[in-house]
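Q: Listed below, chain by chain, are the residues.
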Amino acid sequence: MNSPGQDFIQHLINGISLGSIYALIALGYTMVYGILQLINFAHSDVYMVGAFAAYFAAKLLGLNNSPGIATLAILLIASMVACSVLGLAIERFAYRPLRKAPKLNILITAIGVSLLLQFSCQIFFGADPKVFPNVIEDGVLTEVFGVPLKMNDVSVLAVTLVAMLSLHFLIYHTKLGRAMRAVSQNRTVASLMGVNPDRIISFTFIVGSSLAGIGSVLVGMKYPKIDPLMGLMIGMKAFVAAVLGGIGNIMGAVLGGLLMGLSEQMVVGYLSSTYRDALAFGILIVILIFKPSGLLGKGGVEKV
Amino acid sequence: MKYLLITAALLGLSLTACTKKNDNEIVLGHFASMTGSEATFGISTDEGLRLAFEEANAAGGIKGKKIKLITMDDQGKAEEAAAVATRLIEQEKVLVLIGEVASSRSLAVAPLAQNKKVPMVSPSSTNPKVTEVGDYIFRTCFIDPFQGTVMAKFAFETQKYKKVAVLRDVKSDYSVGLADFFVTKFKSLGGDVVGDVSYQSGDVDFKAQLTKLKSLNPDAILIPGYYTEVGLIARQARELGYKGTFLGGDGWDSPKLSEIGQSAVDGAYFSNHFSNESTDPTAVEFMKRFQAKYNKTPDGLSSVAYDAGKIIIKALESATELTRENIRGELAKIKDFQGATGKISIDSNRNATKSAVVVQVQGKMNKFVTTVNP
Numbered sequence: 001m002n003s004p005g006q007d008f009i010q011h012l013i014n015g016i017s018l019g020s021i022y023a024l025i026a027l028g029y030t031m032v033y034g035i036l037q038l039i040n041f042a043h044s045d046v047y048m049v050g051a052f053a054a055y056f057a058a059k060l061l062g063l064n065n066s067p068g069i070a071t072l073a074i075l076l077i078a079s080m081v082a083c084s085v086l087g088l089a090i091e092r093f094a095y096r097p098l099r100k101a102p103k104l105n106i107l108i109t110a111i112g113v114s115l116l117l118q119f120s121c122q123i124f125f126g127a128d129p130k131v132f133p134n135v136i137e138d139g140v141l142t143e144v145f146g147v148p149l150k151m152n153d154v155s156v157l158a159v160t161l162v163a164m165l166s167l168h169f170l171i172y173h174t175k176l177g178r179a180m181r182a183v184s185q186n187r188t189v190a191s192l193m194g195v196n197p198d199r200i201i202s203f204t205f206i207v208g209s210s211l212a213g214i215g216s217v218l219v220g221m222k223y224p225k226i227d228p229l230m231g232l233m234i235g236m237k238a239f240v241a242a243v244l245g246g247i248g249n250i251m252g253a254v255l256g257g258l259l260m261g262l263s264e265q266m267v268v269g270y271l272s273s274t275y276r277d278a279l280a281f282g283i284l285i286v287i288l289i290f291k292p293s294g295l296l297g298k299g300g301v302e303k304v
Numbered sequence: 001m002k003y004l005l006i007t008a009a010l011l012g013l014s015l016t017a018c019t020k021k022n023d024n025e026i027v028l029g030h031f032a033s034m035t036g037s038e039a040t041f042g043i044s045t046d047e048g049l050r051l052a053f054e055e056a057n058a059a060g061g062i063k064g065k066k067i068k069l070i071t072m073d074d075q076g077k078a079e080e081a082a083a084v085a086t087r088l089i090e091q092e093k094v095l096v097l098i099g100e101v102a103s104s105r106s107l108a109v110a111p112l113a114q115n116k117k118v119p120m121v122s123p124s125s126t127n128p129k130v131t132e133v134g135d136y137i138f139r140t141c142f143i144d145p146f147q148g149t150v151m152a153k154f155a156f157e158t159q160k161y162k163k164v165a166v167l168r169d170v171k172s173d174y175s176v177g178l179a180d181f182f183v184t185k186f187k188s189l190g191g192d193v194v195g196d197v198s199y200q201s202g203d204v205d206f207k208a209q210l211t212k213l214k215s216l217n218p219d220a221i222l223i224p225g226y227y228t229e230v231g232l233i234a235r236q237a238r239e240l241g242y243k244g245t246f247l248g249g250d251g252w253d254s255p256k257l258s259e260i261g262q263s264a265v266d267g268a269y270f271s272n273h274f275s276n277e278s279t280d281p282t283a284v285e286f287m288k289r290f291q292a293k294y295n296k297t298p299d300g301l302s303s304v305a306y307d308a309g310k311i312i313i314k315a316l317e318s319a320t321e322l323t324r325e326n327i328r329g330e331l332a333k334i335k336d337f338q339g340a341t342g343k344i345s346i347d348s349n350r351n352a353t354k355s356a357v358v359v360q361v362q363g364k365m366n367k368f369v370t371t372v373n374p
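If you're matching them up, the sequences are chains A and B in order. Under the working numbering, the first residue of the first sequence is numbered 1, with each subsequent residue one higher. Under the working numbering, the first residue of the second sequence is numbered 1, with each subsequent residue one higher.
Only chain A is shown next, with the shape it has when bound in the complex (with noise of 0.2 Å):
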């Protein structure tokens, strides 16, 4: 029998292990918006193929009943590796093409982008859900305050805190993340510098498609089910994290995510699930309302 702190406890880990994986995406959205004023649209479907990438991975290497580190490791770089080469594809195809073109265009480029995957991956693997393989071994890691803290969760969560603090230092402590910088605050004046933007931008698409990959292959650890629409409404609520911090800003998309995910635990857990959508898009009206910009979002902020 639980207490009901021990109750608040479980709500908390098991919200932030779902808005840590919210964070993951929205950073994808939100760095392609820092450098290119885009709404990638497309990126909730390249976090999709990232988990089918990793099933496939996994079914072809026989990894399906072999849990463990190596297991995370491999299906990790499967998926980063499908989902760069799909993330850069679509901007080399999609959106330099129409670097130049009206934003609205590139946007419903990026609309018509995203339904082109969801619908030919339905014709390729099949619409009926597939089981995701094994990743981790479940167990029970410690316990606290009497809660028990599993190595499910621990493991999402110590992949997620990895992938960002290495995105923070490569943003704001190399040459690169440096030119990702200067791109987004004015690409004319960065190319100037010697800068290619072609290149910052391509890299940019890059590095958010791969936390899109990470974020499929924790996706399937926790819920073992992956089919080709899985990315709609996550890749909604990661977009609403993404402005609700502020969007193209990168602790922003941490923070949103976080939210997010701990917001809806608590709905679910303490009033209905029947709230549980409408409290993510309500949290949205109400921040734009109060701060168009979102929490952290701020004019002159540095944007990647």
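Treat the hints with care, as some may be off.
[As the list claims (entries may be wrong)] Here are the simulated DSS-like cross-link-like pairs (lysine-lysine), alpha carbons at most 30 Å apart as the crow flies:
1. B:K163 <-> B:K367
2. B:K364 <-> A:K59
3. B:K333 <-> B:K288
4. A:K175 <-> A:K59
5. B:K293 <-> B:K162
6. B:K293 <-> B:K153
7. A:K59 <-> B:K296
8. B:K171 <-> B:K153
9. B:K333 <-> A:K59
[Claimed, not checked] Just the calculated beta-carbon pair ranges, DEER-fashion:
10. A:G282 <-> B:S348: 46 to 56 Å
11. B:D135 <-> A:Y275: 35 to 45 Å
12. A:L98 <-> B:T323: 51 to 61 Å
Since the hints were made in silico from the structure, they are not lab data. We put the CB at the ideal spot given by N, CA and C, even for glycine.
Assemble the complex: chain A is given as a structure, and chain B must be docked to it using the hints.
A: Same frame as chain A, now just chain B:
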């Protein structure tokens, strides 16, 4: 001249577009979730139906005509079900419409069939509202008030559970109905329903609801949903450390349940139409034929679908003339039909009166526990 050509071309097009009516065929339509998150429902049902019709065709057909079954995929969506059913009625001019497993989708189509006066037979939609739509809508399975009662009695009397919690899918007519009937019966028996929370089909995260239910410490959790979500729910409940039993209905009947749920669903009980451990001669014969054709043992949905097929064949045979109206009349007259899933009689509300079985999930097998008669 130009217009003449275009008109001629259009005319030609419209003529070829018409499906050629073959007088030696009886066309039946099946709308089913062949893909989507309940894909095994549609596939199992189609396999059962095809076996039944193949047998009839091999035996010389009906009144010298062969049965042709047209199956259309509704992707597990109610709006898609209505669209393909309309196509089956209007374009393919089917004599009888067969479908669906999920009550929400049967309910989306039933008014269309009723309006057009096309007899519709649902093999396995258990929500009572389906046949209430009108006198052209039939089913060959039991209904949820019965199924709910079976599980409530099983939980209270056989398993001696005193405290049960319910986790229902608010988007599914089937789930809400079954949950309601279970709760009413379980309470009237003297049991206590300690918690009643909801989820929505398509959700993947159920931890918040389960955290809440776990702290109420029920002996069992009733999850009257479909297998995809049930598998995920069971897993997450075990992850949170819940140790009680899971109970469910015929929506669990899929090989995917244990694939998704793995060891978490082991030991769970659900009510079903059929157990493949049945020793009834009709059932044994059916299993033998099914095994020979598909090289696997049939699940409950294949079995009720097979019976639905057989009942339709019987109605076609006894109809003096093959019209939709005549067939409707013959369907209503089905009495004590010996099917693979037991003796089936169509009552005045066009529902089937028949027994239910309770089975227990054991790995990839569903172990027979008990039969409950109406």
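Q: Confirm or reject each hint.
A: Hints, verified against the model:
| no. | hint | verdict |
| --- | --- | --- |
| 1 | B:K163 <-> B:K367 | holds, 24 Å |
| 2 | B:K364 <-> A:K59 | holds, 20 Å |
| 3 | B:K333 <-> B:K288 | holds, 29 Å |
| 4 | A:K175 <-> A:K59 | violated, 39 Å |
| 5 | B:K293 <-> B:K162 | violated, 45 Å |
| 6 | B:K293 <-> B:K153 | violated, 37 Å |
| 7 | A:K59 <-> B:K296 | holds, 23 Å |
| 8 | B:K171 <-> B:K153 | holds, 26 Å |
| 9 | B:K333 <-> A:K59 | violated, 52 Å |
| 10 | A:G282 <-> B:S348: 46 to 56 Å | holds, 48 Å |
| 11 | B:D135 <-> A:Y275: 35 to 45 Å | holds, 40 Å |
| 12 | A:L98 <-> B:T323: 51 to 61 Å | holds, 59 Å |
Violated hints, listed in ascending order, are 4, 5, 6, 9; each of the other numbered hints is respected by the structure.
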